[in-house]
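The listed protein sequences correspond, in order, to chains A and B.
The first sequence runs 1 to 184 under our numbering.
The second sequence runs 1 to 184 under our numbering.
What the hints contain is simulated information worked out from the structure, not anything from laboratory work.
Note that this is a predicted model, so its numbers are computed, not measured.
Note that beta-carbon positions come from the ideal geometry of N, C-alpha and C, so glycine has one too.
One or more of the hints may lead you astray.
[Claimed, not checked] Here are some chain B residues the structure puts well away from chain A; computed CB gaps all over 12 Å:
1. M1
2. E17
3. M159
4. A178
[What the hints assert, rightly or not] Output of the computed footprint for chain B on chain A, the stretches with three or more beta carbons under 8 Å from beta carbons of chain B:
5. 101 to 115
6. 140 to 152
There are 2 protein chains.
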Amino acid sequence: MKIYLAGPDVFLPDAIEIGRQKVAICGRYGLTGLYPLDNAIDLTAPDAARQIFCGNEAMMDAADAIIANLTPFRGAGADPGTVYELGYMAGRRKLCLAYSNDGAAYADRLGRFMEVTSEDGRLVDAQGLTVEDFGHVDNLMMIHALELHGCPLVTPAAMPIDVWHDLAAFETCVRMAAARLIAT
Amino acid sequence: MKIYLAGPDVFLPDAIEIGRQKVAICGRYGLTGLYPLDNAIDLTAPDAARQIFCGNEAMMDAADAIIANLTPFRGAGADPGTVYELGYMAGRRKLCLAYSNDGAAYADRLGRFMEVTSEDGRLVDAQGLTVEDFGHVDNLMMIHALELHGCPLVTPAAMPIDVWHDLAAFETCVRMAAARLIAT
Chain A
1 MKIYLAGPDV FLPDAIEIGR QKVAICGRYG LTGLYPLDNA IDLTAPDAAR QIFCGNEAMM
61 DAADAIIANL TPFRGAGADP GTVYELGYMA GRRKLCLAYS NDGAAYADRL GRFMEVTSED
121 GRLVDAQGLT VEDFGHVDNL MMIHALELHG CPLVTPAAMP IDVWHDLAAF ETCVRMAAAR
181 LIAT
Chain B
1 MKIYLAGPDV FLPDAIEIGR QKVAICGRYG LTGLYPLDNA IDLTAPDAAR QIFCGNEAMM
61 DAADAIIANL TPFRGAGADP GTVYELGYMA GRRKLCLAYS NDGAAYADRL GRFMEVTSED
121 GRLVDAQGLT VEDFGHVDNL MMIHALELHG CPLVTPAAMP IDVWHDLAAF ETCVRMAAAR
181 LIAT
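Construct all of the structure, not just a fragment, from the sequences and the given hints.
The structure is reproduced here in structure tokens:
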């Protein structure tokens with residue numbers, strides 16, 4: 001069975017090495033990891049971005065499941081590119097799994113980036129927009145999609161020192177995916 | 001034909017009024033707008049977040065198309081909850097449209113939030129992660145999903161003074177959706 005490995009990992013300086021490690025962990029559980037950077041793309045081509053999109057979409061269509069890295073990216077929430085892929089796989093009725101290496105509640109985490117205040121019983125951000133306050137790690141669409149279309153979001157008991165390289169929560173996802181996909 | 005109206009609009013102080021205006025614009029083009037806040041949810045229920053998710057998913061499943069508001073939200077990129085919904089609708093093979101009221105390139109916009117530098121020919125953010133630099137407004141997954149599963153992202157020629165209430169780019173999306181959905 002094939003698992004699409006989504007995440008901002010592709011933006012890391014050692015993106016290829018992280019992909020290699022993730023694919024190896026999948027292999028230990030009898031699963032085949034599909035990592036976006038394994039698509040051969042000519043980055044100097046004028047349509048390189050479109051080629052990357054088409055390569056990723058073809059990988060997702062070929063996969064039985066997704067494991068998305070929802071660790072907060074350049075702010076309080078997950079990487080939108082990764083979240084797009086999670087939504088796409090939910091829409092394709094594939095098995096959805098994800099992890100975040102920051103298990104804090106979204107509303108608490110947002111306070112690290114901007115002032116969050118209470119107004120008439122609701123939390124608001126610096127622009128006056130309501131802050132979701134259900135105690136979830138991120139937006140309820142991702143949290144409940146995982147619960148209803150796969151497995152609940154995995155978070156570590158304590159935030160790892162290196163959130164971009166610690167793969168313990170990822171491995172928990174792989175173990176759950178194997179139990180669901182290989183059991184039958 | 002029904003259009004799901006996705007966006008962080010639901011977090012605005014006047015979220016209900018914005019939804020009313022969007023639905024009215026859809027109506028002028030012969031389309032039925034489905035706005036998340038039109039689902040009756042008991043926000044005091046212990047499973048309110050799950051009820052919101054299920055209501056939104058049922059609305060998406062009932063819709064023929066999505067118009068997503070990808071205007072940058074609490075940072076350089078689009079609202080992840082909205083992006084999840086765009087991905088879901090692409091996965092369901094529905095018609096995908098979106099707008100952003102900030103037409104700047106992502107790499108340029110990110111510079112307003114953190115230091116972006118050039119290293120060995122690639123742009124990197126303050127954490128050393130690669131910054132996508134294809135000249136697109138946001139992550140290539142959303143940009144090319146729109147191009148290949150619907151209509152290219154709509155942006156205004158100049159950023160409106162009030163990015164959360166200006167509905168000109170939204171109306172352009174409605175016009176394009178009507179041309180695609182009602183023509184036949």
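*Hint numbers contradicted by this structure*: none
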